[in-house]
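Visitor: The sequence shown maps to residues 1 to 103 in my numbering.
Everything labelled a hint here was simulated from the structure, so no lab data went into it. The beta-carbon is built from N, C-alpha and C at its ideal position, and this holds for glycine as well. Any given hint might turn out to be false.
[Claimed, not checked] Per label pair, the in silico range of CB-to-CB distance:
id, residue 1, residue 2, range
1, F95, I1, 44 to 52 Å
2, L57, E14, 31 to 39 Å
3, L25, I82, 33 to 41 Å
4, V5, R99, 29 to 37 Å
5, I54, I1, 30 to 38 Å
6, S17, P52, 38 to 46 Å
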Amino acid sequence: IYEAVYAEGEHELERNSLELAFSGLAAGLSMGFSMVTEGILQNHLPNTTWQPLITKLGYSVGFLVVILGRQQLFTKNTLTVILPLLRKKKIDIAFNVARLWVI
Numbered sequence: 001i002y003e004a005v006y007a008e009g010e011h012e013l014e015r016n017s018l019e020l021a022f023s024g025l026a027a028g029l030s031m032g033f034s035m036v037t038e039g040i041l042q043n044h045l046p047n048t049t050w051q052p053l054i055t056k057l058g059y060s061v062g063f064l065v066v067i068l069g070r071q072q073l074f075t076k077n078t079l080t081v082i083l084p085l086l087r088k089k090k091i092d093i094a095f096n097v098a099r100l101w102v103i
């Protein structure tokens, strides 16, 4: 698992800034599915004591779309790009991680 996550982190750090910007934009838009899903659930479920619990499960839908779509979202998974930095401990990788998070 470590090697797979490490390889994905290496790949993410090699992406150019435009790719990262579009991926971040797509991820932000995908997070809108969280709000939409919560609204749909709230509208279609009966008004009971368990309704808020089920409705809040809709929040995870946006994160699932981001993860399954392999989109870059800073809050999704910070470990992916940190593993190459922790293994190699180079300043240029640190700047690249900062670039990825800023975009």
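Visitor: Does each hint hold? Answer for all of them.
Guide: Structure-based check of all given hints:
Between F95 and I1 the beta carbon distance is about 27 Å. The supplied range of 44 to 52 Å is therefore violated. One distance hint, 31 to 39 Å for the beta-carbon pair L57 and E14, holds here, with the actual separation near 36 Å. For the hinted restraint 33 to 41 Å between L25 and I82, the CB-CB distance of approximately 23 Å leaves it violated. In this structure the supplied range 29 to 37 Å is violated for V5 paired with R99, their Cβ-Cβ distance being about 20 Å.
Taken as a hint, the range 30 to 38 Å holds for the pair I54 and I1, whose Cβ atoms sit roughly 31 Å apart. Take S17 and P52: their Cβ atoms lie about 41 Å apart, and the range 38 to 46 Å holds.
When each numbered hint is compared with the structure, violations occur for hints 1, 3, 4.
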